[in-house]
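**Q** The residues making up each chain are set out below.
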Amino acid sequence: MQGYVTLTVYLYIQISVCIRTVDSFIEKPAYIIPESPVIALGSRLRASCILNDSFIKENKVDANQIFWNLKGIRVSEDNYHTVNSTVSNVTLNMSSVGNALLTCNVQLNEDQVITVFGIQIKVGLPPEKPKNLSCITYHRKNMTCSWNPGNSTYLPTTYQFKLSIAPDNLKSHQLPNDVNSSYAILFPNIHYFVFNTIWVEVKNDLGNTTSDSIQLDPVDVIKPDPPVITSAQQIKNMSTVLSVKWEKPSVPATYKLKYILRYKIVGPQNWMQVPPEDTDTQKESFSIQELKPFTEYAFTIRCKRNDETGYWSDWSLEKIGKTPEAKPFRGPPIWRTVENLDSSKRRICIMWKELEKSDANGIIVKYKMTIKKKSSTNIKKIETKKLEYNITLSDGEYEITLGASNSAGDSPNEILILPAVTESAFLPVQNVSTYPQAGQLMVEWKSPGSAVSGYVIEWCEESIKDSCSEPLYWKTVKKAASKVFLKDNIMPFKRYKITIYPMYSGRPGAPRSKLAYLQQDRPASGPLVHLKHVGKKEVKLMWSEIPVKEQRGFITHYTIFYRSCTANETSLSIVVDAMCQEHELTSLKGNTLYVVRVMASTVKGGTNSSEVNFTTLSYAKGEIEAIVVPICLSFLLITVVTILFCFNKRHLIKKYIWPNVPDPANSRVVEWSPSTGNLIQNNLGPKEPMNPDGVISDVTIIEADVDDEKYLSNEDEIKQLTSLKKEKSTSEEHSSGIGGSSCMSSPRQSVSDSDSESVQNTTSTVQYSTVLVSSPGYRCQQPSAQAFARSESTQPLLENEEKPDEHAYGNFGTCSLGVKRQYFKQHTSIEETNLNKPHPNEAERLDDTNEDNSFRLNQMEVSDQNSHLEGFCPTVDTFQSSNNQTVVKLEFLGFRPGLETDQQSYMPQAVKHNSYMPQSK
Amino acid sequence: MIRLIQRDQQLTTHQTGCSNTHTDFLPMSNMDSVNETLERSYNLSVWLAHEASSLLELYIDMQGFRDGPPRIPDDHLQLPMPPSPDDEDWEPTRRLCQHRTACRLLATLLDRVLGEQRELNETRHHLHQQLQLAITGLQGLDANLSHVLSSLGSGEEEGDGQSHVLSGPSSDTAHWEAKVNGYHIIAHYTHWVARTVEDLERLKDHLKPEA
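Taken in order, these protein sequences are the chains called U and L.
The first sequence stops at residue 921 when you use the numbering used here, and every number in between is there.
The second sequence stops at residue 211 when you use the numbering used here, and every number in between is there.
Rather than coming from a laboratory, the hints here were simulated on the basis of the structure.
Glycine residues also receive a C-beta, built at the ideal position from the N, C-alpha and C atoms.
Worth double-checking, as some hints may not be accurate.
Stated by the list, open to error - Within a straight-line C-alpha distance of at most 20 Å, the following computed DMTMM-like cross-link-like pairs (lysine to aspartate or glutamate) qualify: (1) Lys514(U) <-> Glu470(U); (2) Lys540(U) <-> Glu119(L); (3) Lys256(U) <-> Asp111(L); (4) Lys141(U) <-> Glu51(L); (5) Lys171(U) <-> Asp111(L); (6) Lys256(U) <-> Glu201(L); (7) Lys494(U) <-> Asp521(U); (8) Lys248(U) <-> Glu51(L); (9) Lys60(U) <-> Glu128(U); (10) Lys129(U) <-> Glu77(U); (11) Lys532(U) <-> Asp111(L).
Said to hold, decoys possible - Covered by chain L, per the in silico footprint, the following chain U stretches (three or more residues, Cβ under 8 Å): (12) 162-176; (13) 182-190.
Okay, chain U solo, but in the shape it has when bound (with noise of 0.2 Å):
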């Protein structure tokens, strides 16, 4: 224990031994007067900074190589100046309040500064004369007094507040450093009945200064506790009596309270004010008259010295007292409803309210009722505690009476007259309107007289149009009354419908009703958009109205908007009258998609339908017909005039169609061959040429395809048919005739076309054509060189000569199976159907006077020719033109050419190679 000691010693003597040897070695180069300078705001600082002489002979400097900084700012050198070798003088302006850092620095050389002493300068304000200065007093508490300090000094600033009650009795109390404009004097230390000089002296480093003092008991600023009100009761007997009483707060004996009582029936309801005379006795209970009865009051009370010094206190906390029951002040209001079960019978509904706490004066245990029949003594007696009462009654007129009953008696009595069925109502009342005001909904009407007693008016929320829905809400209003809130079982966004009915000493007059909203939204939902009708250029939209529940508020408008699917293109609209459920959108465009909705708006807003889409139609209703009639009625117009043209002209036609074909037997030719040559020469010699006129010529083709070469007669024909085909397949210049002409494009081909399969073919195409030329050069041809030649020309075909189904000459017989003919003539001239003479031989069959008997004759000519080709092989030649004779081809098929050739013009068709066999019939 003592080695602890000894080295503890040793220990504190080292260490002081070390601390003094550093202070020794630690010398300030410099120092600065002031050293803690508090300076007023605004005013000038003068400070010196003074180095010290081993500082200057170490370093070799002097005081003109001082410079000053304030904030760390370099001080302007005009503020400074160099006294002596030692010594720098500056002198500052203090122009901002707080600490600032003034240092004194010497400047060695070019680049090196020391800083040898510094100083922190506080600049601040004298304290301000504390002012206001005010107690009050908390009884068994504390008397706190408080003052306004003034502004800040920013500089560290005492508050001593002092109380003298005598000379030899000066209380001092330092307040805490953050506090500067209060002080609480606890209780007991409070003197009592006795007068404090009260004062407060502030200081700081800049000065200091005292409040005015103000002299006070601190008895007469108690601001005392508020009573407490111990109870409010009831008296005997009175049911509009209370008597309250209160508990005075702890005060100081003598103090004399007087008192303000204030009461309310419980609830929102403002305060009255028992008169302060009446509770400015030393009383300490008082009875409240003129109340309600059976009605909750509240009361409070508060208190203060009755010689006016002082303050109030607070309110005390509310009692509840309640006041006994009274009879009901008047019978419930009471109303019906009416439903005619027959002419002579109705149900009636007879309902009442409970009265209102104002009325009732206590609890309703029971209402007495009686109905009684106009003219009649019998009256009925219902006791209920129930709030309505069902009965069935006949069509005359009844009073009913209500009245309420409680512990204190009965109330007077209420009326109500059912008027009879065949009784007309009394006047409505008139221009009632309705409009919501701060939440509830206002009524207004105008009286229809002064007779009137009074009002019913009645409501129920019509969700479905035109009907109301239960509950029936219902509510009297006095005589004097012109409008109404109502406020209970109204709800925003629903419909109600409102009637109002005058009652006229409790009969009630004719209703009238308005339907109203307490608040409008915008739709629930939009309509329901169909389409009516679509059209080219207007479409007609048709929507069902929204539910009554979904409305929310009356439909004010609707709006249509509707846009083409196109791009860019901006949606339109129109705004359609609320009382409109259907609307025609014209001027749109045809074959188009639009998209439509329907806005359904009230005064909030409105709620779009959903989008439909239509497509407008490419032609208008009967554009088509516009069109297509028309055309029909021209096209059909056309073929009756082409009819009744060709009707009138079916001479040329007959001509054009069926040329009289001569009868090769009775040619010339035949009298031209070898064995009646002469004859022939008379009869075609150049004295008569064939086609005197030469205009015309007659080209016949005739089409047929063979199915077999069964149908040639022998051997030798059938390889000259072979024969010819290939030579058609081969001769490239053959090819280019009529059969290769544009109108032989069909499916059938001609030969000249025909490749070697079709050569082959079973099926063959044989054109044949019988050309009259009447060229000049034509008749200097010799009758004798066989002009059978494929035509040439160019000419199309005939329709009804390319579809040979058309004119089948029906049954040519066993050769005419299969076979397909084209049949094919051209530039028949009048003349030449003098040409066209029945042969001799058939004049017995033909009459040439009936032109459709001459076409039938030809036909049946062709026929009969078919008949007789049956095994005939076609033999073919091909006969080159000169130079200004048309080149013609004759094919023959199974019969021969020339069975139509008349005889004067005709032209030998085919012939086989100089074995030409004339038919002969």
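On the provided structure of chain U, position chain L as indicated by the hints.
**A** Below, chain L without anything else, positioned relative to chain U:
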């Protein structure tokens, strides 16, 4: 009522002394001040008397004197005896001086009791508060009486009460003896303050200006 005064003036208005009375020659304003101070002094004495009885009951309850306070000779404390209320030689100034002296003495004694009770019953704050209230009240009554006496021109009597206080019980009194002494001091104080109420009421009537 709050008076706004100059501090220097306030300090010089208080004078002490119980030697002379010049009530007949006091100016009216001064009489008003005397009457007002007397009224306050009376109210104070009434309040102190009310609180004193509570204090005595509280003290007895706190000290455990269930069988009643022990009896100790009164001269043990050398307390000043209040004058008889029916004393024919009832002279206002002298009575005021007697009460003032008693106030000072009793305040000193009660302060000593408070110190003792803070040691003996540290947690009995209500008792401490009541004792402090009595002390503060006596100090205020002393100040008021001093003001009235000076207003009446009475000089301060020499040697009033201080000797009694100094001759009181020593600090090394045993706890029991401290409790008993405290009881007698409080009881004496209660008696005195009740007598003060009576005398001040009488004095008020005496100094009340005739209608």
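**Q** Hint by hint, say whether it matches the structure.
**A** Results for each hint:
1. Lys514(U) <-> Glu470(U): Holds - the C-alpha atoms of Glu470(U) and Lys514(U) are around 17 Å apart, at most 20 Å.
2. Lys540(U) <-> Glu119(L): Not OK: Lys540(U) and Glu119(L) at ~107 Å, beyond 20 Å, violated.
3. Lys256(U) <-> Asp111(L): violated, 30 Å
4. Lys141(U) <-> Glu51(L): holds, 16 Å
5. Lys171(U) <-> Asp111(L): At roughly 17 Å apart (the allowed maximum being 20 Å), Asp111(L) and Lys171(U) satisfy the hint.
6. Lys256(U) <-> Glu201(L): holds, 18 Å
7. Lys494(U) <-> Asp521(U): holds, 9 Å
8. Lys248(U) <-> Glu51(L): Holds, at about 17 Å.
9. Lys60(U) <-> Glu128(U): Given pair Lys60(U), Glu128(U) is violated - Cα atoms ~50 Å apart, limit 20 Å.
10. Lys129(U) <-> Glu77(U): The hint is violated at about 40 Å.
11. Lys532(U) <-> Asp111(L): Roughly 110 Å between the alpha carbons, so the hint for Lys532(U) and Asp111(L) is violated.
12. 162-176: holds (count 5)
13. 182-190: The restraint on the region 182-190 of chain U holds, since 4 of its residues have a Cβ under 8 Å from chain L and three suffice.
Violated hints, listed in ascending order, are 2, 3, 9, 10, 11; each of the other numbered hints is respected by the structure.
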